[in-house]
Amino acid sequence: MDYQKCKDEIAQHALRVFVERGYHRTTLQDVAAKCGIGRTTLYSYFKNKEDIFLHVVKKQVEAFRCEYRKVLEDQELSYLEKIKRLVAHMVRDYEDNHDLVIFTELWLLLKMKREQPERSLRQWLKEIRLMFADLFKEAIRHREIKRGDHEVLSSILFGLLETMLLEKAWNKEMRLDAHLRAVYLMLDGLKA
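The numbering used here puts the first residue of the sequence shown at 1, with every later residue one more than the last.
The set of hints was computed from the structure by calculation and includes no laboratory data. Hints should not be assumed to be uniformly reliable.
Cross-link-like lysine-lysine pairs, in silico, DSS-like; alpha carbons within 30 Å at most [unchecked claim]: (1) Lys59 with Lys47; (2) Lys5 with Lys49; (3) Lys7 with Lys34; (4) Lys59 with Lys126; (5) Lys49 with Lys34; (6) Lys84 with Lys34; (7) Lys84 with Lys58; (8) Lys70 with Lys137; (9) Lys126 with Lys47; (10) Lys126 with Lys7; (11) Lys47 with Lys84; (12) Lys172 with Lys58; (13) Lys34 with Lys70; (14) Lys191 with Lys84; (15) Lys172 with Lys49; (16) Lys84 with Lys49; (17) Lys70 with Lys58; (18) Lys59 with Lys7; (19) Lys126 with Lys137; (20) Lys34 with Lys168; (21) Lys59 with Lys168; (22) Lys137 with Lys172; (23) Lys84 with Lys126; (24) Lys5 with Lys58; (25) Lys34 with Lys59; (26) Lys146 with Lys191; (27) Lys146 with Lys70; (28) Lys58 with Lys137.
Based on the provided sequences and hints, a complete structural model is requested.
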């Protein structure tokens, strides 16, 4: 099997172990066992748990970039519809794989320790916020929505999504579809 494909598979198995056991309680031995490989072999792909986590985050950001490009190229959609499509993608992606719980746990841990990987995660989150800001800017320019600061609109939307998904991590009864409809309603309130 090719090195990169194997690395991706290990990262996905590791993520499942993080979800089952919690990031802090997971050892590299747990990850190796889930993958059916030795711990020494695991070290040839990743130096530690944070390295695995950052690999997964990078893959998620790459997937979001790909979705962003597809949505951006869709000439049938207005810019407001493009924003909604990306919001739905984020929410449904979370609902499908629950990676955000692990991302949040590690992000908070790294933030407390003030270690370098947190900066990388913050940089990737900023990149996603900027993608939304660009869409808001175009929606304003095309007079689809009322005038406003596109960066502030993006920050507010992103904060709302983060809060919504974090609440879902603790509140298993929460219905994301109802919250998604409410976000759409709020976005529709911006229409010019």
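Of all the hints numbered above, which does this structure not satisfy? Sort the numbers upward.
6, 11, 13, 16, 22
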